[in-house]
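Visitor: For reference, the chains in residue letters:
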Amino acid sequence: MIPGVEGFMYPNEVALQWSLLIVLYPYITGLVAGAFILASLERVFKVDAVRPTYRLALLTALAFLLVAPLPLQLHLGHPERSMEMYLTPHSSSAMAMFGFVYLWYLMAVLLLEIWLEYRADIVRLAQTTNGWTGLVYKALTLGSMNVSPAARRIDDKVGFAVTVIGIPSAFLLHGYVGFIFGSVKANPWWSTPLMPVVFLFSAMASGIAGVLLLYMASMKLKKMPIDMPCVDAIAKYLFYTFVIDFSLEMLDLVHRTYEAGESFRSLDFMVHTRLWASQVILQICIGTLVPLALLALTQLFPIRAAARRAIYVASGLLVMIGIFAMRWNVVIGGQLFSKSFLGYTSFKLEFAAREGLLTAIGLMILPFVIFVVLVKLLPPWPERKTTEALGD
Amino acid sequence: MRQFLRDSGHLVRPAVVLVVGIAAFLLIRTALIPKAFGKYGHYDAAALDRIRQHPVAFAGQDTCVMCHDDQAKARAAGKHAHVSCEACHGPQAAHANADDPSAHKPALPDVANLCRRCHEKDAAKPNDFPQVVTAEHSGGALCTACHQPHNPHL
Amino acid sequence: MDLSRRDLFAAGGKLLILASVGATLEQITGAAPPSESYNVAEHWWGMIVDIDKCIGCGNCVRACSKENQVPQGYFRTWVERYQVGEDQQPHVDSPNGDIDGFPADTRTDVKSFFVPKLCNHCADSPCVQVCPVGATFVSPDGVVLVDKNYCLGCRYCIQACPYGCRYLHPETNTADKCTLCYHRITQGLTTACCEACPTGARQLVDFKNPQDPVHEYLRHNKVQVLKPYMATGAKVYYKDLDGSVR
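So the protein lines, in turn, are chains W, V and D.
Here the first sequence is numbered in the numbering used here, starting from 1 and rising by one per residue.
Here the second sequence is numbered in the numbering used here, starting from 1 and rising by one per residue.
Here the third sequence is numbered in the numbering used here, starting from 1 and rising by one per residue.
Simulated from the structure, these hints should not be mistaken for laboratory data.
Note that the structure is predicted; figures quoted are calculated from it, not measured.
Careful, some of the hints might be misleading.
[Unchecked claim] Simulated restraints on C-beta separations:
{"id": "1", "chain 1": "W", "residue 1": "A314", "chain 2": "D", "residue 2": "Q69", "range": "52 to 60 Å"}
{"id": "2", "chain 1": "V", "residue 1": "D70", "chain 2": "D", "residue 2": "N209", "range": "30 to 38 Å"}
{"id": "3", "chain 1": "V", "residue 1": "Q53", "chain 2": "W", "residue 2": "W104", "range": "54 to 62 Å"}
{"id": "4", "chain 1": "V", "residue 1": "V132", "chain 2": "D", "residue 2": "E171", "range": "37 to 45 Å"}
[Said to hold, decoys possible] Computed footprint of chain V on chain D, listed as stretches where at least three residues anywhere in the stretch have a Cβ under 8 Å from a Cβ of chain V:
{"id": "5", "region": "95 to 106"}
{"id": "6", "region": "167 to 179"}
For every residue, glycine included, the Cβ atom is placed at its ideal position computed from N, Cα and C.
Construct the complete structure from the given sequences, taking the supplied hints into account.
Guide: See the structure below:
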């Protein structure tokens, strides 16, 4: 009897191959994609209400993007060979596109857009700051101090184009992860054409929720009033996105249950036993139904600003937890059952190992540390004094 | 026009960074890709040769028979004709290839467990395969007390 | 031809010395070893497994383990025992992959048999398809191999294999699996598992060899591959495979 194994598993299947760090990676890139989509709402779709979070969303995206490759590196058997993905990418493998999509998104989209958006401030700060920070700003100017109105108009136009390109790029950055799972015909829990779409919409939900929370927290910390039309608009988009995401996931579930194919009985049993807490309770009830209900309340009924803020914070947190649970259930859940459909194994989460809980916690804290550094370096609210708290 | 170029001149800088980066990458790439990569397909063809260098542990029937034809003849006459030497005696390439094979004499098989592995009665074994409940079969005697392993039929 | 045993032995010894010198040279200089007459284009390897001959002795598992230094707890090949009731729902077990044999079970109220499993060396291999860097591949002679000098250890191939035949080698931290004893079959030997199998349940076959018995065999016997709906182009053909086999 193998400890942790129930029924029969192929001998090589007992140990899980992809663990917590591979749960974390799609979560992080999802936050990147979601934050960027929120930023693009203002820039491309002219939703002016969310303007106060534009720069914040870009910095959030960058902070998480910089951390994104780390869980992958820590997971690889040979991280020193990861260059090979750039040298000899295998065109039939979705995973091979990671290196290029990542670099493209980092350099040609995010960094370029941040540079164009902040250029005027960078030049000003380069001219007024001394010491090491001053050197950093001077380097960031890339040697050009031209911030004439005409130059800035061109910056704006180019920035617009970059954002337009950035939207499908963000979709690709996270969508390909969904395809990595969705295209594995060997694994019926993963194999569905809906997977990239579900991943994308849940990513958008988590990213929007993340920026919402960061904005409200930042305003609180800086003792500045929260722009209610802004958070109302963000919450509205969060609600819509999440409704779509939930519908897609339910569609997948209903479809599977109805067709009841070969793997159904095994998967159904797994959901009712090993995944009950993480999927039904945490992901569906606490992480989806509750925040949807809360957000629906704010969309349907007039509610006082203070109460709305509380609901947004609660929903935002629950959404972020729920989407993490979704990634967990996909990655870990997909490896808990045997491909013979005759057995199950268990996931042993280690604490202080290379792919353990401590590492994961560290990797989740790191983007916030980077975020704080970025906010100090490139303040999202340069000349803003106070904004009137509107709403109610 | 000149005004336009002056106003957009700063955009050249990130473009230059990009071009330099790509050029550097292309240079490094040619140096780092294994030489035989792509010869047969999207992989390093030299891997085929490396894998072929793996040492052999089982010499193979034909090698054993080169020296041990007495045992081979005895076996060929009986029911174990299609059981290769190393199936019972284990990997013997070291013994066969040694300068002095007698220095690498294979250990005698552990009869008590060896015969049982094949011949213990089990419902999953084909019905026409000779199998016995060993605990009841020999009254505690070793298989070799009655059966000659190379030609076991009584 | 009058070759004495000694002549044969001497010839074999010479060949071995030549090969080992060449191998050493290759390590030092990177030069190719002296070429034997093996031409990849002339072979297309596969295997035939006859379920009705397998007695579950585990010789194949042990032989593979010794030939290829397979780490304990991991399996390049293994044998499963099926006990199938009338409802065709099987009870399956494979204690330690059958490396120590099965505990005897004499139940006769169910249909029971053994199923040896190994890498199917798929012609349309899903594991090769997903490798991001080209570390695993189908060789020109039809063997799916892993280049352990190039593998990143991302484990995508392990996820993509429908048959569970891959694992991550705990020492090299690269993906590993049955190589169809490539180092043996390219020298005219058979695989370790086929060599050790006492009943001939496993047979190495070469589809490109017109003299290989496989051609006659496939004309006269009903065969199946595992999970045919996966359309992997599996090249391990099972004779008398029951429908309940997973």
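Visitor: Evaluate each hint against the coordinates.
Guide: Hints and how they fare:
1. Separated by about 56 Å at the C-beta atoms, A314 of chain W and Q69 of chain D satisfy the suggested range of 52 to 60 Å.
2. A hinted range of 30 to 38 Å holds for the C-beta pair D70 of chain V and N209 of chain D, which are about 32 Å apart.
3. The beta-carbon spacing between Q53 of chain V and W104 of chain W, approximately 40 Å, falls outside the hinted interval of 54 to 62 Å.
4. Separated by about 41 Å at the C-beta atoms, V132 of chain V and E171 of chain D satisfy the suggested range of 37 to 45 Å.
5. Judged by the Cβ-Cβ criterion of 8 Å, the region 95 to 106 of chain D is covered by chain V as claimed, because 5 of its residues qualify and three suffice.
6. For the region 167 to 179 of chain D, the stated coverage by chain V is violated: 1 residues have a C-beta nearer than 8 Å to a C-beta of that chain, whereas at least 3 were required.
Violated hints, listed in ascending order, are 3 and 6; each of the other numbered hints is respected by the structure.
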